[in-house]
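Peer 1: The residues making up each chain are set out below.
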Amino acid sequence: MPDFSLSAEQESLRDMARKFARTEMAPHAAECDKAARFPDEIYRKAYELGLMNLNVPTEYGGSGLGVLEQCLIVEELAHACGGMTTSVIANCLALEPIILGGTPEQKERFLTPFCAQYHFASFCLTEPAGGSDAGSLKTRARKDGDHYLLDGEKCFITNAPHASLYTVFATVDPDLRYKGITAFVVPRETEGLTTGKDEEKMGHRASSTSTVRFEGVRVPVVDRLGGEGDGFSIAMRTLDQTRTPIGALATGIAQAALDHAAAYSLKRHSFGKPISEHQAIQIKLANMAQSIHAARLLTWHAAWTIDHGSKGTLESSIAKCFASDAALHVADEAIQTFGGYGYMKEYPVEKLLRDAKLTQIYEGANEIQRTVIARELLRQYA
Amino acid sequence: MEIVVCLKPVPEAETRLRAATDGRALDSEGVKFVLAGYDESALEQALLLKESIAGSRVHAVSYGPGPRTEEVLRAAIALGADLATWVEAPPGTALDPIAAARALAAAITSVPHDLILCGKQAGDDEAGLVPPALGELLSLPEFSSVVDLRWDAGTSRFRFLRSTEEGGERWESSGPCVMGLQQAWNDPRTAKLPNILRSRKATIARRPLEPVPAGPRSESERFELPAPRTGARMIEYKTPAEAAQQLVRLLREEAKVFP
Numbered sequence: 005m006p007d008f009s010l011s012a013e014q015e016s017l018r019d020m021a022r023k024f025a026r027t028e029m030a031p032h033a034a035e036c037d038k039a040a041r042f043p044d045e046i047y048r049k050a051y052e053l054g055l056m057n058l059n060v061p062t063e064y065g066g067s068g069l070g071v072l073e074q075c076l077i078v079e080e081l082a083h084a085c086g087g088m089t090t091s092v093i094a095n096c097l098a099l100e101p102i103i104l105g106g107t108p109e110q111k112e113r114f115l116t117p118f119c120a121q122y123h124f125a126s127f128c129l130t131e132p133a134g135g136s137d138a139g140s141l142k143t144r145a146r147k148d149g150d151h152y153l154l155d156g157e158k159c160f161i162t163n164a165p166h167a168s169l170y171t172v173f174a175t176v177d178p179d180l181r182y183k184g185i186t187a188f189v190v191p192r193e194t195e196g197l198t199t200g201k202d203e204e205k206m207g208h209r210a211s212s213t214s215t216v217r218f219e220g221v222r223v224p225v226v227d228r229l230g231g232e233g234d235g236f237s238i239a240m241r242t243l244d245q246t247r248t249p250i251g252a253l254a255t256g257i258a259q260a261a262l263d264h265a266a267a268y269s270l271k272r273h274s275f276g277k278p279i280s281e282h283q284a285i286q287i288k289l290a291n292m293a294q295s296i297h298a299a300r301l302l303t304w305h306a307a308w309t310i311d312h313g314s315k316g317t318l319e320s321s322i323a324k325c326f327a328s329d330a331a332l333h334v335a336d337e338a339i340q341t342f343g344g345y346g347y348m349k350e351y352p353v354e355k356l357l358r359d360a361k362l363t364q365i366y367e368g369a370n371e372i373q374r375t376v377i378a379r380e381l382l383r384q385y386a
Numbered sequence: 344m345e346i347v348v349c350l351k352p353v354p355e356a357e358t359r360l361r362a363a364t365d366g367r368a369l370d371s372e373g374v375k376f377v378l379a380g381y382d383e384s385a386l387e388q389a390l391l392l393k394e395s396i397a398g399s400r401v402h403a404v405s406y407g408p409g410p411r412t413e414e415v416l417r418a419a420i421a422l423g424a425d426l427a428t429w430v431e432a433p434p435g436t437a438l439d440p441i442a443a444a445r446a447l448a449a450a451i452t453s454v455p456h457d458l459i460l461c462g463k464q465a466g467d468d469e470a471g472l473v474p475p476a477l478g479e480l481l482s483l484p485e486f487s488s489v490v491d492l493r494w495d496a497g498t499s500r501f502r503f504l505r506s507t508e509e510g511g512e513r514w515e516s517s518g519p520c521v522m523g524l525q526q527a528w529n530d531p532r533t534a535k536l537p538n539i540l541r542s543r544k545a546t547i548a549r550r551p552l553e554p555v556p557a558g559p560r561s562e563s564e565r566f567e568l569p570a571p572r573t574g575a576r577m578i579e580y581k582t583p584a585e586a587a588q589q590l591v592r593l594l595r596e597e598a599k600v601f602p
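Protein sequences appear in the order of chains W and F.
Anchor point for the first sequence: position 222 equals 226 in my numbering, and the numbering is continuous, going up by one each time.
Anchor point for the second sequence: position 241 equals 584 in my numbering, and the numbering is continuous, going up by one each time.
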């Protein structure tokens with residue numbers, strides 16, 4: 005039998021994340037959502053506690069956690085605020101290409117000074133004309149002596165306006181499709197790199213998102229990760245590592261929705277009794293609990309698979325896809341449980357629906373996850 | 344400065360409490376025990392003093408059964424305690440406060456101590472007996488409800504306020520002494536993630552419980568939850584003025600608080 009119990013160490017990490025989420029994040033979640041405010045002071049505290057560079061090995065100044073430990077932390081943070089969690093964990097996504105594709109010298113040069121201070125990094129893959137179809141990206145990297153010149157535009161880039169480091173995917177030859185994609189590390193101060201205005205988003209409003217433009221950005225060859233054409237593989241392997249925590253993020257949003265709905269159902273009366281005593285509400289709560297339990301276990305299993313040395317592409321796609329669909333459904337049912345109040349911004353559940361929606365879209369849209377799942381699945385029958 | 348801080352694992356504040364089957368104690372099955380309340384403040388104050396006085400160490404000491412007591416000590420190490428001693432209570436030992444003070448005192452006498460900080464009372468039974476009992480057992484001055492604790496390096500004395508019903512009393516004392524802390528200078532800190540990981544590997548000194556000499560002991564007779572509160576009455580109203588009128592009428596006619 006598999007052992008589903010957490011170690012004392014894992015429990016302590018989860019407790020710490022829960023405490024931070026409930027005391028530092030939750031009290032500001034509604035206000036940051038309303039004002040679309042990027043709460044720098046909360047993110048700084050998260051950094052100081054070691055919550056920001058969870059996946060970076062300790063030798064480079066990160067927290068060096070496995071994917072399961074990351075998931076435990078991310079679920080707790082997301083219970084308080086999905087948007088803040090996105091900004092807190094975005095460094096994991098942005099730095100993973102360096103962890104996977106960098107030489108020891110590059111890791112020392114980029115990760116160590118980065119992790120030693122409060123910094124943001126951004127993962128620049130998606131472009132205005134293509135997100136899921138990453139193989140057709142248009143940002144160009146032209147070789148010029150011992151440099152490359154980058155030209156193009158990336159969009160929907162998390163934390164971009166605040167980042168000091170960008171991992172950028174560009175093509176050395178669009179005709180090569182995914183075989184031309186190459187990964188680079190670009191510091192903010194590099195001439196020709198500019199970020200756009202903060203996007204006005206439906207949810208995750210405590211997070212910041214903008215375009216990143218590259219106009220003749222000169223990147224030394226020594227700042228290329230891997231060889232020319234290795235970028236697509238680096239990007240996909242990165243997403244294999246970071247997809248599962250998105251499942252945990254969705255699970256945290258869903259758990260918050262159930263917690264609100266169940267507590268409300270015990271207090272709200274109709275037809276002479278608490279609505280929790282009506283079967284219509286009980287069935288909702290039971291279904292919500294089942295979805296969350298399944299989402300959490302799928303997430304833990306995917307994390308465990310990856311921590312035990314497997315790529316976990318199938319497992320992490322299933323976990324991310326299922327958990328994000330579950331989060332949307334559970335948040336929807338939470339609003340329904342609250343009735344008219346649930347639709348009001350004065351109550352916390354409508355935010356959860358808006359925040360849950362993004363988890364179906366980012367880090368690989370669920371349509372792409374299903375394509376991946378089907379591909380991996382059919383391989384077993386071919 | 345050698346600062347000893349005494350900690351007690353208590354049920355997490357959100358715990359749904361139940362009586363054990365014998366009806367004499369809390370059913371601890373599935374209950375999560377944590378470092379909480381005044382003890383958390385005592386540890387915070389110990390760490391603040393350590394940070395402000397060069398060459399200081401904080402030694403966390405706790406008495407109780409495993410694994411909860413060990414976990415509370417690991418939490419203290421993650422927060423910044425340098426040393427930890429666990430006085431092991433055999434499982435099922437009734438945790439009488441005077442017996443706890445005896446167990447802690449025995450551990451404290453064998454380590455250096457310039458200041459012994461406790462929370463002024465535990466977050467569960469709120470007995471508040473351990474700090475005065477420790478003072479008595481160690482023959483040291485004891486101060487309860489301490490706030491704003493400072494170390495005056497010039498005179499080598501502690502200066503602090505005792506919070507009382509009437510206001511505050513300003514005191515000073517040389518060490519070693521025992522204090523039941525009410526409030527630290529600031530809110531208790533959160534442990535940093537790398538320190539949590541390190542705390543798992545830290546060594547905790549384990550001390551067996553010494554035979555307790557005969558003496559006064561307290562024993563719990565019954566443990567029961569308070570009856571659910573009843574008697575709340577909702578006032579139906581259309582305007583605030585109408586609500587006030589009805590409230591005054593009920594207070595006069597039913598509660599009879601007005602003539």
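Be aware that one or more of the hints could be misleading.
To be verified - Quick list of simulated restraints, FRET-style, between CB atoms:
1) W:G313 x F:K544: 22 to 32 Å
2) F:E355 x W:D150: 56 to 66 Å
3) F:D370 x W:R113: 48 to 58 Å
Please keep in mind that the hints were generated in silico from the structure rather than gathered at the bench.
This one's a predicted model, so the numbers in the text were calculated from it and none came from an experiment.
Every residue, glycine too, gets a C-beta built ideally from N, C-alpha and C.
Peer 1: Range first: 48 to 58 Å. Now tell me if the beta carbons of D370 of chain F and R113 of chain W are that far apart.
Peer 2: holds (56 Å)
Peer 1: Using the beta carbons of E355 of chain F and D150 of chain W, state whether their distance is inside 56 to 66 Å or not.
Peer 2: Distance hint for E355 of chain F, D150 of chain W holds at roughly 59 Å.
Peer 1: How does the Cβ-Cβ distance of G313 of chain W and K544 of chain F compare with 22 to 32 Å: does it lie in that range?
Peer 2: holds (24 Å)
In this structure, every one of the numbered hints holds.
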